[in-house]
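Position 178 of the sequence shown, counted from 1, bears residue number 178 in the working numbering, the numbering being contiguous throughout.
In short, the hints are calculated from the structure, not lab data. As the structure is a computational prediction, the values presented were derived from the model and not from experiment.
Label-pair ranges, simulated between beta-carbon atoms:
hint	residue 1	residue 2	range
1	F162	R72	25 to 33 angstroms
2	Q116	K49	32 to 40 angstroms
3	S44	T323	23 to 31 angstroms
Note that the Cβ used here is the ideal one computed from N, Cα and C, for glycine as well.
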Amino acid sequence: MHVHKRFNNPSGGVTLVLTAENPDDIWCIYNLLSKGDEITVFTSRKVKKENVDTGAVSQQVKKFNIHLEIERITYACSEDDLQVSGRNLTDNPYVKVGQYHTAEIRPHSKITLTKQLWNSYYNDKLREVTDISGKAEQAFLVLDNGRANLYFLLRYLTKEVFSLVHNIPNRKISNMRYSHHQKALEAFFKAIIQKLAETIDFEITRTVVITGPGFTKNSFYDYMCKELVSIGHSELHRHLNKFIVCGSTSSDRNAITEVMGNEQFAVTIFGQHYIEHNRAVDMLRKRLEANESTISIGIEDVAYATELGAVEKVLLSDELIRTGSTEVRTRVHKLIDNAKSQGARVLYFSDEHVSCSFLRNLTGIVALLRFAIEEKLEQ
1 MHVHKRFNNP SGGVTLVLTA ENPDDIWCIY NLLSKGDEIT VFTSRKVKKE NVDTGAVSQQ
61 VKKFNIHLEI ERITYACSED DLQVSGRNLT DNPYVKVGQY HTAEIRPHSK ITLTKQLWNS
121 YYNDKLREVT DISGKAEQAF LVLDNGRANL YFLLRYLTKE VFSLVHNIPN RKISNMRYSH
181 HQKALEAFFK AIIQKLAETI DFEITRTVVI TGPGFTKNSF YDYMCKELVS IGHSELHRHL
241 NKFIVCGSTS SDRNAITEVM GNEQFAVTIF GQHYIEHNRA VDMLRKRLEA NESTISIGIE
301 DVAYATELGA VEKVLLSDEL IRTGSTEVRT RVHKLIDNAK SQGARVLYFS DEHVSCSFLR
361 NLTGIVALLR FAIEEKLEQ
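Put together the whole structure using the sequences plus the hints.
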């Protein structure tokens, strides 16, 4: 994310001029936006034009900047597509004041965003996304017999890039069937390699983890080492040092969580940002399984624990702030500020990230406590 300008408004809000540089930035803009914000973005609209002589009507696509008050926000992770809808605030030749319009925000879009409310949550989000150290992407190739899925693991998102399914006959029935098995397996590997060459930019991606159950992952890596040059993929061969083989029992995106659970291995791949989040979730699971009383779940209980100075870490889903009512968001923002003032760490979890699915089932906000506290008595 490139922040061109930042202004503090007299009302206490902030105006930002931003350029989204990658899918992570689109996700972060999504979390910065709220209903009632004002946004200026480059957009397009089909305009009908009638020929006064012939009466024929033609359509033209006009491109222009529009200034909207946001009423609705929609996001499609798979397409990196963020849409904002609202009423136009500034007259222009193609959309009248008060007229409704929907604009798209994609990578490389430049926007001007004015928020009437600015607090520590938004400040943290902006600081995180402008941290260059968090830009490196990782790729996960999850393999099973006849199935391959490639995921990009960004700082906030886990994106499925492609999925391949290939029929591979059983190898143990006869010599002829074994030959069919080998040919099918080779065709499967070639298809994966072709997709890798088409989708991975090694100027950005620094590590590709090959994982999954069984021996398919090892066979694929061995095949790459031996055959990449001979099958015309010398460019991919130059980056073989970026491929790492790691075992897992899952054949879907849960394999990523398994690999991240190996802390010594994961530090090398992901860096401290992922490790801290994964460690916190792992600690939460262990305390739940042991039925320990050093956990608070839900806004009410976490706020109460914060008042007592018992909170060590707050695990918070972005979704809770983004989709909650104004009252809920205000309470959460106050809770965050109070927790930080007492030295607690606040960890934000993207609901598109593999580490958040468990947290969502626990109301979206959980606190790990320094010491056990008595339950709050109902008045």
